[in-house]
Amino acid sequence: MLWKIWNETDCEVNKKVGELSKVIKKLLCQKGLKTKEEIEFFLNPDYETGINDPFLFKDMKKLVFRIGEVLKNNEKVGIFGDHDVDGITSSTILADGLEELGIETYVYIPDKHTEGHGINEKAIEEFKASGVTLMITVDCGTNDVEKVEYAKKKDIDVIITDHHLPLDVLPDAIAIINPNIKGCTYPFKGLCGAGVAFKVLQALYREFIPQKSESLKWMLDIVAIGTVSDCMPLIDENRVFVKYGLLVLSKTKRIGLQKMIDIGNINISTEKSPTSSIIGFQIGPRINAAGRMAHARDAFDLLREDDYQKAEILAIDLENKNNKRRELTDKLIREIEKKVKENFEDKQFIFISGENYPIGIVGIIAGRIANKFGKPTGIFQKNDDLSKGSFRSAGEINIVEVLEESSMYLEKYGGHKAAAGAVIKNKNISNFINLASNIVAKKTNNKKLESKIIADLKINLNDISIELADKIEKFEPFGEGNKEPIFWIDNLIILEARAIGNNKKHLKLTVKEVNSAKSIDVIGFGFGNDLKEIKNQSIIKIMANIQKNEWNGNCTAQLNMISWKSM
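Numbering (this note's numbering), first residue to last: 1 to 567.
Hints are computed from structural coordinates only; laboratory data are not their basis. Bear in mind the structure is a predicted one, so any value in this text is a computation, not a measurement. Just to be clear, a hint being listed does not mean it is correct.
Unchecked claim - Cut-off 25 Å, straight-line C-alpha distance, at most; resulting in silico cross-link-like pairs (DSS-like, lysine-lysine): (1) Lys58 to Lys182; (2) Lys25 to Lys548; (3) Lys372 to Lys382.
Stated by the list, open to error - What follows is a set of in silico ranges between Cβ atoms, one per label pair, in the way DEER data are often shown: (4) Asn398 to Glu126: 32 to 42 Å; (5) Leu56 to Lys518: 26 to 36 Å; (6) Lys182 to Ser407: 22 to 32 Å; (7) Lys541 to Val169: 48 to 58 Å; (8) Lys512 to Ile454: 18 to 28 Å; (9) Asp384 to Lys272: 50 to 60 Å; (10) Ser130 to Ile454: 28 to 38 Å.
Where a beta carbon is used, it is the ideal one built from N, C-alpha and C, also for glycine.
Given these sequences and hints, build the entire structure.
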């Protein structure tokens with residue numbers, strides 16, 4: 001693993017911001033925060049002042065007008081979602097809000113395995129048969145030009161709410177609520193689908209039920225789940241959504257979420273607000289497990305269930321699906337790792353297909369394989385004539401560029417720099433692998449792509465204190481666009497080292513600097529197998545986060561190790 005550190009600048013934080021430690025000043029500087037106002041908003045995001053006007057969206061007035069007609073004519077609204085966490089949470093938000101307005105809704109969540117992403121004709125036919133006259137998309141639709149035309153031919157109006165980047169031609173919809181379309185003056189472009197759906201409700205509540213606008217805050221738990229799970233940048237308005245959403249999640253009124261938290265033994269309570277990592281690693285994967293292992297509708301139903309007994313049944317079922325997803329993923333990864341070692345040691349690109357690779361988990365597997373072997377990876381489900389699957393990149397390789405250069409062998413593909421999906425004819429797989437491998441080899445000069453870790457600052461143990469840990473906590477919520485600070489510390493002598501936890505999977509160290517008496521505890525989650533090697537080192541250096549450790553009423557600062565090397 002390559003170690004790097006951000007270039008330290010001479011940036012000066014405005015002297016009017018008050019007393020800040022040298023470490024905190026440097027961290028704020030690296031985020032481009034210098035003035036008192038910028039720093040105050042970052043450290044203390046406020047719902048009342050940090051939320052933008054929803055009517056800054058280009059077509060929001062058109063949307064509100066059309067909903068007014070729905071209310072006047074007692075029309076039925078179809079909600080078309082997506083099968084990932086953002087799509088499920090977006091659908092939940094919009095369905096809850098429209099029904100609070102007194103509008104009857106029909107929600108359609110597509111099957112990940114057979115329908116894929118985007119509006120489809122099957123859903124439109126169902127909407128038509130159920131009496132829907134207005135379809136509203138969430139987390140999709142911006143580029144579904146033909147499907148919008150199909151809906152219009154069925155006498156169904158369409159409103160699109162989305163956040164994905166548009167192509168050159170937009171659908172002919174009643175309104176498109178997307179911060180990223182041309183001409184939209186909405187100032188923050190980083191909303192996810194759930195965030196956009198929430199802005200729609202802010203506008204609708206203000207227009208039709210202003211007396212209930214304050215109650216929208218209780219939806220922020222779902223907004224936060226969608227935002228974190230979709231890896232959106234936790235800056236600007238998202239920072240407000242997630243900060244307040246985590247507070248709401250700790251005392252959520254949603255019975256389905258309560259049961260998910262209880263049955264999953266997720267560490268959330270009214271006394272302990274969750275962190276964004278709990279959403280990212282525990283709640284999001286459970287919601288995603290429904291679509292990966294069966295149908296995403298199961299997770300949607302759980303989030304909206306208000307009967308305790310039914311919610312418990314749904315939550316148990318979802319927990320079982322998530323456990324099966326983990327077990328199957330681990331099993332297939334072990335199998336695929338063996339194939340990689342046998343067949344791809346001399347190639348710069350990994351592509352493996354199999355009939356027993358469920359489409360719902362190929363993306364997870366591809367990510368793990370790419371990370372372990374340092375090579376862009378495709379894992380595909382193989383059918384009779386075609387294979388369908390997901391790619392994950394490694395290093396700085398743009399996977400979509402690789403697919404563009406080898407597109408003559410692909411039926412279709414799409415995605416972004418780090419991840420993509422594609423369909424390929426089985427007869428073209430061998431040619432595709434050879435070409436893609438040559439493309440990656442050329443881009444990397446035949447060198448193995450190593451993952452890298454970038455530290456924010458180099459510090460000494462004397463810089464670390466419980467006060468510093470408290471101030472770093474104010475940087476939360478951590479996530480995309482606001483990563484937890486990483487610190488580089490040299491010249492450490494190991495005073496004690498032992499393996500801890502179930503199956504001794506983790507490592508606990510006590511270390512001190514060569515020229516200092518101060519010592520500190522270090523936790524290395526997943527580093528248990530390094531015990532023998534690290535005990536043989538005289539001096540090491542580590543990359544770590546600074547966190548608080550609360551135990552038996554005592555609170556101390558400790559290091560959460562990310563990587564270590566000998567010196």
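* To do: May I ask which of the numbered hints given earlier this structure violates, with the numbers listed in increasing order?
  => When the structure is compared with the hints, numbers 5 and 10 turn out to be violated.
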